[in-house]
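Those protein sequence lines, which keep their order, are chains A and B. For the first sequence, the working numbering begins at -7 and goes up steadily by one. For the second sequence, the working numbering begins at -7 and goes up steadily by one.
It is worth saying that the hints were derived from the structure and are not from the lab. Warning: the hint list may mix true and false statements.
[To be verified] Calculated lysine to any residue pairs in the SDA-like style (CA-CA distance at most 25 Å, straight line): (1) A:Lys455 <-> B:Lys447; (2) A:Lys108 <-> B:Arg121; (3) A:Lys397 <-> B:Gly42; (4) A:Lys108 <-> B:Ala72; (5) A:Lys11 <-> B:Tyr61; (6) A:Lys14 <-> B:Gly59; (7) A:Lys99 <-> B:Tyr61.
2 protein chains.
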Amino acid sequence: MSAPETKSKENAKGKTVLKIPKGTREWVGPEMMLRDHVFNTLSDVFNRHGATPLDTPVFELKEILAGKYGEDSKLIYDLADQGGEICALRYDLTVPFARFLAMNNIKNIKRYQIAKVYRRDQPAVARGRMREFYQCDFDIAGEYDAMIPDSEILRIMVEAFRGLGLGQDVTIKINHRKILDGLFQVAGVPEDKIRSISSAVDKLDKMSWEEVKKEMIEKGLTAEVADEIGSYTQKSGGRDVLEFLKSNERVAANETVKEGLADMELLYNYLDAYQIADKVSFDLSLARGLDYYTHIIYEAVIELKSEKSTETRIGSIAAGGRYDNLVGMYGKTKIPCVGVSFGVDRIFTILKQRKEDEKLKQRSVDAFVMAFGAKNGLLVERMAVARELWDAGIKAEFSPKAKPKLPQQFKAAESAGVPVAVILGEDELAEGKLKLKVLGLPDGHPEKEGRLVEKTKLVEEVKKLLEEHGGPKALPLR
Amino acid sequence: MSAPETKSKENAKGKTVLKIPKGTREWVGPEMMLRDHVFNTLSDVFNRHGATPLDTPVFELKEILAGKYGEDSKLIYDLADQGGEICALRYDLTVPFARFLAMNNIKNIKRYQIAKVYRRDQPAVARGRMREFYQCDFDIAGEYDAMIPDSEILRIMVEAFRGLGLGQDVTIKINHRKILDGLFQVAGVPEDKIRSISSAVDKLDKMSWEEVKKEMIEKGLTAEVADEIGSYTQKSGGRDVLEFLKSNERVAANETVKEGLADMELLYNYLDAYQIADKVSFDLSLARGLDYYTHIIYEAVIELKSEKSTETRIGSIAAGGRYDNLVGMYGKTKIPCVGVSFGVDRIFTILKQRKEDEKLKQRSVDAFVMAFGAKNGLLVERMAVARELWDAGIKAEFSPKAKPKLPQQFKAAESAGVPVAVILGEDELAEGKLKLKVLGLPDGHPEKEGRLVEKTKLVEEVKKLLEEHGGPKALPLR
Chain A
-7 MSAPETKSKE
3 NAKGKTVLKI
13 PKGTREWVGP
23 EMMLRDHVFN
33 TLSDVFNRHG
43 ATPLDTPVFE
53 LKEILAGKYG
63 EDSKLIYDLA
73 DQGGEICALR
83 YDLTVPFARF
93 LAMNNIKNIK
103 RYQIAKVYRR
113 DQPAVARGRM
123 REFYQCDFDI
133 AGEYDAMIPD
143 SEILRIMVEA
153 FRGLGLGQDV
163 TIKINHRKIL
173 DGLFQVAGVP
183 EDKIRSISSA
193 VDKLDKMSWE
203 EVKKEMIEKG
213 LTAEVADEIG
223 SYTQKSGGRD
233 VLEFLKSNER
243 VAANETVKEG
253 LADMELLYNY
263 LDAYQIADKV
273 SFDLSLARGL
283 DYYTHIIYEA
293 VIELKSEKST
303 ETRIGSIAAG
313 GRYDNLVGMY
323 GKTKIPCVGV
333 SFGVDRIFTI
343 LKQRKEDEKL
353 KQRSVDAFVM
363 AFGAKNGLLV
373 ERMAVARELW
383 DAGIKAEFSP
393 KAKPKLPQQF
403 KAAESAGVPV
413 AVILGEDELA
423 EGKLKLKVLG
433 LPDGHPEKEG
443 RLVEKTKLVE
453 EVKKLLEEHG
463 GPKALPLR
Chain B
-7 MSAPETKSKE
3 NAKGKTVLKI
13 PKGTREWVGP
23 EMMLRDHVFN
33 TLSDVFNRHG
43 ATPLDTPVFE
53 LKEILAGKYG
63 EDSKLIYDLA
73 DQGGEICALR
83 YDLTVPFARF
93 LAMNNIKNIK
103 RYQIAKVYRR
113 DQPAVARGRM
123 REFYQCDFDI
133 AGEYDAMIPD
143 SEILRIMVEA
153 FRGLGLGQDV
163 TIKINHRKIL
173 DGLFQVAGVP
183 EDKIRSISSA
193 VDKLDKMSWE
203 EVKKEMIEKG
213 LTAEVADEIG
223 SYTQKSGGRD
233 VLEFLKSNER
243 VAANETVKEG
253 LADMELLYNY
263 LDAYQIADKV
273 SFDLSLARGL
283 DYYTHIIYEA
293 VIELKSEKST
303 ETRIGSIAAG
313 GRYDNLVGMY
323 GKTKIPCVGV
333 SFGVDRIFTI
343 LKQRKEDEKL
353 KQRSVDAFVM
363 AFGAKNGLLV
373 ERMAVARELW
383 DAGIKAEFSP
393 KAKPKLPQQF
403 KAAESAGVPV
413 AVILGEDELA
423 EGKLKLKVLG
433 LPDGHPEKEG
443 RLVEKTKLVE
453 EVKKLLEEHG
463 GPKALPLR
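Input sequences plus hints: build the corresponding full structure.
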């Protein structure tokens, strides 16, 4: 069963319309398993780094959310005023985290949260824009020595993508807001234009330099200033970018650039210790939209194959940075933070596509227990055998009929992709034996006809067959 | 850090009040781990039986919920009307399940859902009544031969409590609505009083027979009728209850009782096949409040020690039954269902209490990497060692300072309950060695001073120490 999206069945006679709210979806079956696999992989990585999971209420007091999202505040879902407190559904996981820190007077924490957030936006289901969707945030809050938590976040990103089997395909672009701002100063961008020019630069991954230059000129820069920015921001690489910046006297003399350079020098030492420098690309065009980043910024990108053409495009599947001024907003003390948000919906879509490409079949049940040629259906016997399998941790099912027909049982097992059939016959049982059969074998395969085994060796023999013929195991499900 | 409950910090100057909404709570740290352990144990059992997890949107169209909860409809949380669809937060998991089946025209499914539900009730946090809380529902929907899914639910309950370490303490009371209704008929209870007398009988686990009898008489029964009911409903046991009922001619002749008896005879055969008859108590006083049960009903109970006295009381931690008429409510076809709802909040509280009783310490980090006596703090070296541990799946942390002091590092490790310290010293590193130390050992213990190991054997040696001295492992966290 695959997850239905806002499927509706209208009823002309004024009966209840059976649908789920616009912009929401349901998760069930293999999609739910794959989704949980993504969540579990990420959680495992976070836990390995000593992080604690956090679960906050789905709604917050309205005043907690008020004034935090600017223009986008209109997208907040309010609860109806039914007396008592005025509440609204959470819009992201950052504001609840900030509220949590201030409320409990927590000065430092490594926390993660994987949870649904709500935005009353115009949904575009095909493009993945939903009104209810998952966010996965990992953040390190607290005063620490420079770049230590920052480099750990990058390490966590690499571990996460490795865990998801995407390690080969993902590059993490990094940059530093201070370097970028300093470069704009050096080039002569007026202070009040820096954020707007920054957002033009951020488009260099999707637009040509000529187009970006045009946008900058429209925004009020001269062609010379734009060209100088271009000479910096088209540079990317590794540690050599540090040398590139230091080799330019005017750049190297800028105080803001210097601050950023000091951070990045440290960072590269730490990336070496973590053996991940090769996964990271220092990209001076990376600017990130959000205003609240103050120091390092990063974005993990992956090449996506288009479904309709042979073109590939670059997709962002995780992003973040250091934001030292945001999380103290409720408390008296500023709490510096660095964090990353994984685009779990996009990661899910990529993995789903790959699984389909590779024709991977997930099995949710290991063994199907059947009766053959018995007048009484051997129900109690099938139950007892299933019980033995369950006790051994083997996922097992049987037909929920007293006297099922054999073809029906085979059909049920095969359509569910169950690899092993345990077949009970009266004569065999009388001799203390059972037949095990691997399903889906080609004709002529030596195991095609199955094998008789001692009933006492049931579990051991089923495990052996699963080992040999079980195919790709079900994703660890939880 | 333990989870705060509606903690508030009022601010006289009219600043934002930092609290979470009334009747909600947050989960973090060891409590969150224990909660996830409960969820994962239950999910594992459901998956072993071939069930599929389902995740539905947190809000439904208001009309889907309308008219489903009678009096309690006033407890539904509505979303504000901000234009577009009118929605409300889900009140339980049953109505969304019914809507899911009808919307997707699903005729049979084994599904489970563990999710938050919302009730605008007067919260009583101390007694565990919350406005946002978890439900865990497992249901088998579909037309099957009698008592096959029903007995599997009972088996699942036993497996779940075993998995949670409560197998020895839990008894599952069972009864059958048809038997109960038939007994009332035989005793002469008028048809329109059956539900109300049924609810009086259900109190026999908390009240004496005299009190229940008094209530029945107040509800309009004669003392004789009440006494006859008493003679039936005070009976409990195993298969012998079937014999008890059959031995009474008037009871055995009642058509409604007969239907129930046939079911229960079948059930006992199946319980034997599943080897769980000893965990089940056939209790003729079990009635269950909800009107919608049509056949078998059950309730898992556990003896709870009172915190304040030596008294014990009986708590219900899971309950359910067959409800054949409820889930078809949106569709054209009736879909018979049998299911169970686990009281996950109460289970969590019991396990938490036990863990405290047993002074079990959970560890969330396996190893703490420290520097000793080195002028430069050996930061990059600590990072490289942590990286090796992470690569081996070992949960590791280190002090996020460039030059931490040794006592601070020990304090951080010990207060977090980390069992193993990996200590780096310049001289030892020069010889390719590291010191491993088990934390929290008593004076005089042969391992107290730690051991020097080859740096190349780091992972292997740490694993060995964790094996020997790691204490109780962290609960599997996800």
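Q) Taking each numbered hint in turn, which are not upheld by the structure, reported in ascending numerical order? A) Of the numbered hints given earlier, those the structure breaks are 1, 7, listed in rising order.
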